[in-house]
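K.L.:
Here is how the chains run, residue by residue.
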Amino acid sequence: MGGLSKKAHLLHALAREGKPTLVVESGNLLFKTDVVPPTELAAARIGAAGVVTAVSRMGATFAGIGSRDLAGGIAFLRQLHRPPAFHWLSLNLVDAASGQPLFSPLLHHQAGGMRLVVLAVTDHTTFARPPVGGSVLSWRQVLREAVARVAGQADFVLLLSNYSYTENREIARACPGIDLILQSGHAAGNLGPIAFDRTLLAQTNTRGRSLGVLDIAWQGHAPWRETTAGRGSLSGPQPATFSNRFIAITPAVPDDPAIDALVRQTKQQMKRQAR
Amino acid sequence: MTRKQARNNHLPLLLAALLALLIPGATEVALAAELRIVYANDTLGELEPCG
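Residue numbers (my numbering), protein chains in the order written: chain A, -16 to 258; chain B, 5 to 55.
Just so you know, these hints were derived from the structure itself, not from any lab. Watch out, some of these pointers could steer you wrong.
Result set (EDC-like, lysine to aspartate or glutamate): computed pairs, CA atoms no more than 16 Å apart in a straight line [claimed, not checked]:
| no. | chain 1 | residue 1 | chain 2 | residue 2 |
| --- | --- | --- | --- | --- |
| 1 | A | K250 | B | E52 |
| 2 | A | K254 | B | E52 |
| 3 | A | K254 | B | E50 |
| 4 | A | K15 | B | E50 |
Ranges between beta-carbon positions, derived for each pair [what the hints assert, rightly or not]:
| no. | chain 1 | residue 1 | chain 2 | residue 2 | range |
| --- | --- | --- | --- | --- | --- |
| 5 | A | A111 | B | E38 | 41 to 49 Å |
| 6 | A | Q83 | B | E38 | 33 to 41 Å |
| 7 | A | P159 | B | E38 | 19 to 27 Å |
| 8 | A | P20 | B | E38 | 45 to 53 Å |
| 9 | A | G135 | B | E38 | 17 to 25 Å |
A few chain A positions that, by computed beta-carbon distances, are all more than 10 Å from chain B [claimed, not checked]:
| no. | residue |
| --- | --- |
| 10 | P20 |
| 11 | A25 |
| 12 | A58 |
| 13 | A68 |
| 14 | F69 |
| 15 | A80 |
| 16 | Q83 |
| 17 | P114 |
| 18 | V115 |
| 19 | Q124 |
| 20 | R127 |
| 21 | R132 |
| 22 | T149 |
| 23 | A241 |
| 24 | K254 |
Note that this is a predicted model, so its numbers are computed, not measured. Note that CB positions come from ideal geometry on N, CA and C, so glycine has one too.
Chain A extracted, bound-state conformation:
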């Protein structure tokens, strides 16, 4: 199952618990495939714009760029890139001519009294041809230096990675300073969280079928430890502790009326376009 209106209902319920919360879209938010047939593109773009409006209303202010987010073209994605309300993030998706990032390479964010830096990398290996007007560099060319540059300015470094589990394990080893990697694009169900010493890795199932909820008690960059209590102690070394759950978005979850209305409106627009 899944569905944006059910996700919105769950987010409202979680917000009522009163914890400082960061809503994250890790990547591959917009399209089912890397390439959309030309006859379906206009309707798919309407749907994609509706998805961004919906997740914005749910509190998301950024998303990582996965390879499938580029199926509507770079120019289309730039229309949906509306800082400061909503950032599309990629450190390694660059302008083919200038080599400069085409979207926000990183984002500084304040949440729960913590200074966060959010970075994102797009999987360069998934492209048979580079996207028109752009070039996707390997993470090895850009990420280590970027993390080293920002790690001292942040309490917490979050990487949204469109790379595979194997590559992300290598990223965690090669780029010390990343506290959490949220993966997209290689999902086979919910994954993790898995701790690689000081870096935690997790992803959810595809097509909006589950929501990951990661509660962190943060003492500073340190090896991770899973806990149900969510707190460290005053004596001895202070690990960063976490507890995680995946909430299945099933038919039993009610719909949020406002997002449900937006989804219906978007579907009608897509149908009209397809006629």
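Knowing the structure of chain A, use the given hints to seat chain B on it.
P.N.:
Only chain B this time, still in chain A's reference frame:
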């Protein structure tokens, strides 16, 4: 709550306050920030329940 339990409950706070006074950097150790990250990936343009 017994007097001993009350003392044990307050001891960490007293220690934290003492550390904060004596060692400026120690406040970072004593005070944990708490954050909830709600995350999802690969929505793939799925607006409605996908069955």
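K.L.:
Run every hint past the structure and note whether it holds.
P.N.:
Hint by hint, here is what the structure shows:
1. K250/A with E52/B: Given pair K250/A, E52/B holds - Cα atoms ~9 Å apart, limit 16 Å.
2. K254/A with E52/B: 14 Å, holds
3. K254/A with E50/B: 15 Å, holds
4. K15/A with E50/B: 8 Å, holds
5. A111/A with E38/B: 41 to 49 Å: For E38/B against A111/A, whose Cβ atoms are near 44 Å apart, the range 41 to 49 Å holds.
6. Q83/A with E38/B: 33 to 41 Å: 37 Å, holds
7. P159/A with E38/B: 19 to 27 Å: 24 Å, holds
8. P20/A with E38/B: 45 to 53 Å: Holds - the Cβ-Cβ distance for P20/A and E38/B, about 47 Å, lies within 45 to 53 Å.
9. G135/A with E38/B: 17 to 25 Å: 23 Å, holds
10. P20: 14 Å, holds
11. A25: It holds; A25/A is separated from chain B by about 13 Å at its closest Cβ, greater than 10 Å.
12. A58: A58/A is indeed farther than 10 Å from all Cβ atoms of chain B, at 18 Å.
13. A68: 19 Å, holds
14. F69: 15 Å, holds
15. A80: Since the minimum Cβ distance to chain B is about 30 Å, A80/A lies beyond 10 Å and the statement holds.
16. Q83: Its Cβ never comes within 10 Å of chain B, the nearest being 26 Å, so this holds.
17. P114: For P114/A, whose nearest Cβ neighbour in chain B is about 17 Å away, the distance exceeds 10 Å, so it holds.
18. V115: With a cut-off of 10 Å, V115/A remains clear of chain B, as the shortest Cβ separation is near 20 Å.
19. Q124: The claim stands: Q124/A keeps its Cβ more than 10 Å from every Cβ of chain B (closest is about 24 Å).
20. R127: 23 Å, holds
21. R132: Fine: 22 Å to the nearest Cβ keeps R132/A off the interface.
22. T149: It holds; T149/A is separated from chain B by about 17 Å at its closest Cβ, greater than 10 Å.
23. A241: 14 Å, holds
24. K254: Check passes; 12 Å lies beyond 10 Å.
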